[in-house]
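Chains A and B are the protein sequences, given in the same order.
Each number in our numbering corresponds to the 1-based position in the first sequence with 421 added.
Each number in our numbering corresponds to the 1-based position in the second sequence with 16 added.
Hints may contain errors.
Unchecked claim - Beta-carbon label-pair distances, calculated as ranges:
#: 1; chain 1: A; residue 1: E559; chain 2: B; residue 2: L29; range: 18 to 24 angstroms
#: 2; chain 1: B; residue 1: W255; chain 2: A; residue 2: Q622; range: 43 to 49 angstroms
#: 3; chain 1: A; residue 1: S513; chain 2: B; residue 2: G231; range: 57 to 63 angstroms
#: 4; chain 1: A; residue 1: S513; chain 2: B; residue 2: L20; range: 18 to 24 angstroms
#: 5; chain 1: B; residue 1: V160; chain 2: A; residue 2: S513; range: 34 to 40 angstroms
#: 6; chain 1: B; residue 1: W255; chain 2: A; residue 2: S513; range: 23 to 29 angstroms
#: 7; chain 1: A; residue 1: H463; chain 2: B; residue 2: L29; range: 39 to 45 angstroms
#: 8; chain 1: B; residue 1: P111; chain 2: A; residue 2: Q642; range: 24 to 30 angstroms
#: 9; chain 1: B; residue 1: E153; chain 2: A; residue 2: G504; range: 55 to 61 angstroms
#: 10; chain 1: A; residue 1: H576; chain 2: B; residue 2: T186; range: 18 to 24 angstroms
#: 11; chain 1: B; residue 1: A140; chain 2: A; residue 2: H576; range: 34 to 40 angstroms
#: 12; chain 1: A; residue 1: V610; chain 2: B; residue 2: L29; range: 36 to 42 angstroms
#: 13; chain 1: A; residue 1: G504; chain 2: B; residue 2: K36; range: 45 to 51 angstroms
#: 14; chain 1: B; residue 1: M205; chain 2: A; residue 2: G504; range: 58 to 64 angstroms
If you're looking for bench data, these hints aren't it; they were derived computationally from the structure.
Cβ atoms here follow ideal geometry from the backbone N, Cα and C, with glycine treated the same way.
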Amino acid sequence: MSQANGPFVLVPDTFIPASPWEAVGGDPALRFDDVVRRYGHHVALDHLNLRVDRGETVALLGPNGAGKSTTISLLLGLLRPHGGCVEVLGMSPRRAVAQGRVGAMLQTGSGTGLPPGVKVASVLQLVRRLYRHPAPFELTVERAGIGALLGRPTHRLSGGQAQRVRFAVAIAGDPELVFLDEPTAAMDVESRRSFWRMMRQFGAEGRTIVFATHHMHEADQIADRVVVINHGHIVANGPGATIKAAVASRQLRFVTGQPDERLLDQLEGVTDVVIRGTGVALNSLDADATIRALVHSGVAFRDLEVTGAGLEDAFMALTGCDEDADEERKR
Amino acid sequence: MSGLLAFARFEVLRLLGSWKFLAITLGFPVIFYMLFLRDENAGKIVDGAVPWRVYLMVSMCSFGALVAALNAGGSRLSAERASGWSRQLRVTPIPAWSYVGTKLASSMLVVLPVVALVELVGMAFGGVRLGFGTWIELTALLWVAAVPFAGLGIFVGFMVNAETAYPVVTALMFLLGYFGGLFNPVSHMPHTLQTTARILPSFHQTSLGLALLDGRSFGISDTFVLAAYAVAFGLAIAWKHRVEESRGLA
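This is chain A alone, in the form it adopts within the complex:
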């Protein structure tokens, strides 16, 4: 694998914090060169190029099905690319995982991601033993805030608690690089806030963190840099504030009896939910899909209003090409 990486950087990396890991070598934390991944005839990643430097915290932002999970699976060696090259810490993803330099929190759907019927403490002890140089047990417990959960069996954890334990599992090996795939899915607002506090602290120690999310504000607040993915393409790449201004997603406003934030948040395309009494405002990267999902969800709503520029328009403004719009029309 050649070291050519210059031409693939879409936006110059302006944020390179001092990091203890930088001394390890000059390779970037990760690099995607022209990566293609298909599922049957569906192209999940279409010639993707991406580079993340050591010490960066990067958000992969995009609606469901955009290619975020595929990207993370490739970075962990769970999937192999059909074209192009993926490198993590200057080596193959599998090798980086085998050396214990990478930690991950995967999407688990309805599962806890933990072995059933075991106490949290023994799971954490086991995971530590799988690594050659794990972080001290107490430190991991403290970082993930799971001190009160250690004696509890894994099947008696709430969604937010299980998520915290999975974060502990991800960082137990003291990895240089952490991948988090929608880590706050199924968390309520309060646990979401404390989770990101925890994460930011962990990232501040100079580690590289890459997380996938479909929440614009999470990406904006937590990450040094936001990479927007849609239909397997990177459509925007830069500091959160820039992206936020450029990708003015559409806003859906309506009135409903008893708004359920968790449900609304899971609707396709939704990046942000604001509820004031019975009034709901949703920011969406795909207003059409969100409306379809809203109707399908059975939520009784009225006075629906859609405002703001479409994502495709914003991407065009940002990237200066209408490739995506063309593709959309072809479908």
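Given chain A, put chain B in place with the hints provided.
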């Protein structure tokens, strides 16, 4: 290497720490042995040259091995796949094969005490008397012959989802037990069922043990069939594992 050992230890401790698992795997064969033993036929000669109580001890060892292997592999594996734990392990430093490998090893490890316990019960309550060497031989033989069951357990765990795993495992347990002649000697079965029994691994495991005790020559055909089953389940697991891995699911 120390990571693998830690994982294996974790697996075995989990199995032995589960009351449900212990109750099922130790309870079924022992209770069945005691129930069927009260039959007035206890001393009657069946299937060649062994008394009913000896036949029953061997067949319940087989049944115990079957129950242990299917429960250790099947239901647990599918539950762990559903929870996402097996996938989480894939992003730790232990090698890709170690999940399945450790499952197989721990299934085999829990089979051994089950076989030994049924033998103890046979000795204590069934009045089975064998030479020390024969006990050891019988135990080793029945243990090694349980490899196909361990393979079957893992394969079932890969094929079915968490909701259906338990009923499937229970059904397999009793189907292989009944039709393999573990509850009732094959010679007591109607002709068609006798033919069916001869294609099942459970029949051949018991037959292998009985061959040792009744002085028949070593069960070559039993060994052959069991080995074929072990290879077949091994290949099936390898195939399924590969498919899942190419989809990023294993």
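**OP:** Would you pick out the hints that fail for this structure and give their numbers low to high?
**Re:** Hint 8 alone not satisfied by this model.
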